[in-house]
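Engineer: Listed below are the residues making up each chain.
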Amino acid sequence: MRPILMKGHERPLTFLKYNREGDLLFSCAKDHTPTVWFADNGERLGTYRGHNGAVWSCDVSRDSMRLITGSADQTAKLWNVQNGSQLFTFSFDSPARSVDFSVGDKLAVITTDPFMEVLSAIHVKRIARDPADQSGESVLILRGHQGRINRAVWGPLNKTIISAGEDSIIRVWDSETGKLLKESDKESGHKKTITSLTMAADGSHFVTGSQDKSAKLWDSRTLTLLKTYVTERPVNAVAMSPLLDHVVLGGGQDASSVTMTDHRAGKFEAKFYDKILQEEIGGVKGHFGPINALAFNPDGKSFSSGGEDGYVRLHHFDPDYFNIKI
Amino acid sequence: MADVMIEEASARLGIDFSQVDLDSIHLPPGEDFGVISDDEDLYQDDHLELDTSLNNIIIVDNLPVVPREKFDKLEGVIRKIYGQIGLIKEDGFWMPVDPDTQKTLGYCFIEYNTPQEAELAKERTNGYKLDRSHIFAVNMFEEFDRFMQVPDEWAPPDVKPYTPGENLQQWLMDEKARDQFVIRSGTGTEVMCEVMWNDARQMKPDPVHRRAFWTESFLQWSPLGTYLATLHRQGAAVWGGASTFNRLCRYAHPQVELIDFSPGERYLVTYSSHAPSNPRDPKRIVINIFDVRLGKVMRDFKGSADDFAVGGPGGVTSVSWPVFKWAGGRDDKYFARIGKGIISVYETETFSLIDKKSIKVDNVIDFSWSPTDPILALFVPELGGGNQPARVSLVQIPSKEELRQKNLFSVSDCKMYWQSNGDYLAVKVERYTKTKKSTYTGFELFRIKERDIPIEVLELENKNDKIIAFAWEPKGHRFAVIHGDSPKPDVSFYTMKSGSSIGRVVKLTTLKGKQANALFWSPAGRMIILAGLKNFNGQLEFYNVDELETMATAEHFMATDIEWDPTGRYVATSVISDHGMENGFNIWSFHGKLLYKILKDHFYQYLWRPRPPSLLTPEKEEEIAKNLKKYSKKYEAEDQDVSMLLSEQEREKRKALKDEWNKWVTRWKQLYEEEKLDRQGLRDGETSDEEEVYEAKEVEVEELLDETQEVVEYDE
Chain A
1 MRPILMKGHE RPLTFLKYNR EGDLLFSCAK DHTPTVWFAD NGERLGTYRG HNGAVWSCDV
61 SRDSMRLITG SADQTAKLWN VQNGSQLFTF SFDSPARSVD FSVGDKLAVI TTDPFMEVLS
121 AIHVKRIARD PADQSGESVL ILRGHQGRIN RAVWGPLNKT IISAGEDSII RVWDSETGKL
181 LKESDKESGH KKTITSLTMA ADGSHFVTGS QDKSAKLWDS RTLTLLKTYV TERPVNAVAM
241 SPLLDHVVLG GGQDASSVTM TDHRAGKFEA KFYDKILQEE IGGVKGHFGP INALAFNPDG
301 KSFSSGGEDG YVRLHHFDPD YFNIKI
Chain B
1 MADVMIEEAS ARLGIDFSQV DLDSIHLPPG EDFGVISDDE DLYQDDHLEL DTSLNNIIIV
61 DNLPVVPREK FDKLEGVIRK IYGQIGLIKE DGFWMPVDPD TQKTLGYCFI EYNTPQEAEL
121 AKERTNGYKL DRSHIFAVNM FEEFDRFMQV PDEWAPPDVK PYTPGENLQQ WLMDEKARDQ
181 FVIRSGTGTE VMCEVMWNDA RQMKPDPVHR RAFWTESFLQ WSPLGTYLAT LHRQGAAVWG
241 GASTFNRLCR YAHPQVELID FSPGERYLVT YSSHAPSNPR DPKRIVINIF DVRLGKVMRD
301 FKGSADDFAV GGPGGVTSVS WPVFKWAGGR DDKYFARIGK GIISVYETET FSLIDKKSIK
361 VDNVIDFSWS PTDPILALFV PELGGGNQPA RVSLVQIPSK EELRQKNLFS VSDCKMYWQS
421 NGDYLAVKVE RYTKTKKSTY TGFELFRIKE RDIPIEVLEL ENKNDKIIAF AWEPKGHRFA
481 VIHGDSPKPD VSFYTMKSGS SIGRVVKLTT LKGKQANALF WSPAGRMIIL AGLKNFNGQL
541 EFYNVDELET MATAEHFMAT DIEWDPTGRY VATSVISDHG MENGFNIWSF HGKLLYKILK
601 DHFYQYLWRP RPPSLLTPEK EEEIAKNLKK YSKKYEAEDQ DVSMLLSEQE REKRKALKDE
661 WNKWVTRWKQ LYEEEKLDRQ GLRDGETSDE EEVYEAKEVE VEELLDETQE VVEYDE
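As given, the protein sequences belong to chains A and B, one line each in that order.
One point on numbering: in full-length UniProt numbering, the residue at position 167 of the first sequence is 167, and numbering is uninterrupted.
One point on numbering: in full-length UniProt numbering, the residue at position 616 of the second sequence is 616, and numbering is uninterrupted.
The following block holds chain A by itself, in its conformation from the complex:
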């Protein structure tokens, strides 16, 4: 089907997130306003005004009532999804990069960038049921990554936190004690910055994308490397179909090093891989510029991509897609 082009952001997209029901799509961009869209027809529902810097990521609670966003303005904010009002602001002394609600939405993990003298860190915050009781205290602060932490998410049953970033190592932390439990193997792991990390719906496995032009699939409990998907481009975004055994990689080189000769030189395609056989199945073209964000609708029947070009493209799959055989 023809993709729906959603123009609402003025700057490159950074993150996309569907709510649990898959009827809302939240988008973050380097302009300062996260936006919510109807995931079916791409109609814009509203924006969340209040950040004063690029917004790097967001997460929405299970009941679709709360939104949390992390921004370069050194804050993470809690929002009321319905009316767009700010509920709480967590302040840090460096930009907030990644945010993720735990199972049950009682905790959130927020990563902060290294900035001036400040080292990168992973903060765990308690999320109060009533915004009036919300405190900015960190339950736990984890340090140990070299450079930026691009993504930190909760492991199964909130027992662990899985983080990855510029030092190309995936780390698994105990979310109670803050102890480092596991690190990915240097030999088999990524060779360059890990740009993205997406957890499967049931939390059993996750996929990471890296500038080393590959994406890797890992077991969340054991941190065993299961699969590797190799492509020609640095990978900026990864997503997994909840319905079929497909993995989608998005990427392209940095906007600064894109050659002007041919649109293919940048290869700004979302590439589909067979999750099990690790083979490329196909690609979806469209963006003019690298793809920065990818998300699958929880029903697996559509996905959206956000590009450096400032557009969100909403793709509903044709019926053929569900019959791909290789």
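Among the clues, some could well be false.
Cut-off 25 angstroms, straight-line C-alpha distance, at most; resulting in silico cross-link-like pairs (DSS-like, lysine-lysine) [stated by the list, open to error]:
| no. | chain 1 | residue 1 | chain 2 | residue 2 |
| --- | --- | --- | --- | --- |
| 1 | B | K658 | A | K159 |
| 2 | B | K597 | A | K325 |
| 3 | B | K600 | A | K191 |
| 4 | A | K301 | B | K658 |
| 5 | B | K415 | B | K488 |
| 6 | B | K597 | A | K192 |
| 7 | B | K597 | A | K285 |
What follows is a set of in silico ranges between Cβ atoms, one per label pair, in the way DEER data are often shown [stated by the list, open to error]:
| no. | chain 1 | residue 1 | chain 2 | residue 2 | range |
| --- | --- | --- | --- | --- | --- |
| 8 | B | K534 | A | E117 | 46 to 52 angstroms |
| 9 | B | K204 | A | A200 | 27 to 33 angstroms |
| 10 | B | K676 | A | K192 | 56 to 62 angstroms |
| 11 | B | K655 | A | A200 | 46 to 52 angstroms |
It should be emphasised that the hints constitute simulated quantities derived from the structure, not laboratory data.
Values in this document were obtained by computation on a predicted structure and should not be read as measured data.
Heads up, the beta-carbon is just placed ideally off N, CA and C, and yes, glycines get one too.
For this one, chain A is given, so just place chain B on it according to the hints.
Structural biologist: Relative to chain A, chain B alone:
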């Protein structure tokens, strides 16, 4: 050095070291007072540029023995001689004096600032005649020990027992008749060189040997594929053998930059250039010619870059590689280099000039050898503003007899293309138009093997067309030309042999508007790839010249290099560039089917291993070509088997992967179930894990849309 400091310090402090029992002094553990222990010292020395080396000192022997009075005069003379070559260090001159006779001992030491200067001084003045009885003998100080150790009595060298070497041509005996290639990738500490089989049937490469840091700059096969050459700071090395690549020989040549094998791979030419001590001087160039098997220097050439520069049309003075061009054929008999107005032809029996002199050809700027015969083709440009025409001539070696000559008028440039069997020579001639403002191109075609070497002139139909590429069909009689304007040029094919008019060049066809800028004939002829490299994004057209039809068009995006395998069965297209995009190579069949692709970051070299020429006689080859069906049956059956096996394996592999995956998924599902209660707990007892479990509630909504009041008349 440390000793001196201690002595100085002790003298200053008034300590007599002979009275001190050093063993009685104990340092506190872990304390070294900043003095590094000897071992560490050594370790550090390894890392530092060794400044104490003596390779910048020379010894000049056979000086006159003079008394005290004449010492200064002699010193003046020597300083004058050696000061010209390089800067003598302060206190860098020492001429010892015999304490008994107060006369000099007839030798002196000179220390330069750099080893290069010392080397140069040795080279230039060894054998210098000061007068009849004083001929200098100059040696490097470092070599002195070595010379001193030469025993006075001659002893016969130990005869080493003969150890049979490996079969260096083992790779040709591959049962599947595959070809090898070598690739180099990676930067810095991760340089990786890999030799692989091109296993086209299995659609993947089959590794043979891999090695990190195999070379410090590049790799090169010898022309017949026997050796793989690597370059290092100390020199070059060749590798080969039956299965693993063992080092066969080393060739010492410090800072070697370029190498070149003779066509029969008996000799290896190595080249290095060294920065001069005076930046205004030209670079110093050292060229060694080694015997590949013995590892022995057969001849060396040293001199300034000017000596090796070739006078181009505009008096261009740069060294073009290879400096020495080898005559064709496998016997490696002659090699030649061009100088100012001369061509120096050497022969390899004595490594000296033929007839002890070079061939004088005024203003010659280019020459080339026939690929098969000892025939030289020379080009002399126009002189005297057009009074003396430009000239192409063919010279037979060693007789130096001129076989054929052709004068050409108003020529701006010439380029020579030999057909691989040496049957034909095409000379591309750029001529000025009458106004002298622009140029147009024509070809002079020499038929070398025919009597009197007839020459034919070929001009393109549109004379103004630019020639973008020209290529002879290997072993054949056809050639292809890309001509026209750059975005969509035409490609034309010509033949030197046509049925009707023997001895006339005939055009076969012209393909209009092709996106091509390079031509790659299959080494077996017949097939050609019209390629649009670099700016043309890697367009490939596989063309059959026998049938004059396109077999396939394809694209290897951004391709920069194309190389046919030596048999003409497969083609490798590669993206070799430093912008880091798309790097890697694709392997195609000769008819343009993509077999497999490999991506490699920092991909620098792709080289097929060459094969020596076939041992079959032409008659036998013809016979095989005629009865190809009979011969190919066996291979087709093999192919069939392999492809069956392959699909079988593929199926099995997929099944295994699926099974493995399903195992994980089952495990995950199980764990997910086990954790169900915990998860509920985390969600404050909310049970639904999955979306499907909806709570259906019926809600009745009543909405009042409109309310109107109407008075209805009541009729009774």
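Engineer: Hint by hint, note whether the structure agrees.
Structural biologist: The hints, checked one at a time:
The straight-line distance between the Cα atoms of K658/B and K159/A is roughly 29 angstroms, outside the 25 angstroms bound, and the hint therefore fails. Distance hint between K597/B and K325/A is fulfilled; the C-alpha atoms sit about 22 angstroms from each other, no more than 25 angstroms. Taking the CA atoms of K600/B and K191/A, the gap is near 14 angstroms; set against the 25 angstroms cutoff, the hint holds. At most 25 angstroms may separate the alpha-carbon atoms for a hinted pair to count; K301/A and K658/B meet this at roughly 23 angstroms.
At most 25 angstroms may separate the alpha-carbon atoms for a hinted pair to count; K415/B and K488/B meet this at roughly 24 angstroms. Between the alpha carbons of K597/B and K192/A the distance comes to roughly 23 angstroms, so the proposed pair stays at or under 25 angstroms and holds. Taking the CA atoms of K597/B and K285/A, the gap is about 22 angstroms. The hint holds against a cut of 25 angstroms. Between K534/B and E117/A the beta carbons are some 47 angstroms apart, a value that agrees with the proposed interval 46 to 52 angstroms.
Separation of K204/B from A200/A is about 31 angstroms and conforms to the stated range, judged on CB atoms against 27 to 33 angstroms. A hinted range of 56 to 62 angstroms is violated for the C-beta pair K676/B and K192/A, which are about 38 angstroms apart. Restraint check, K655/B to A200/A: a C-beta distance of roughly 23 angstroms breaks the suggested window 46 to 52 angstroms.
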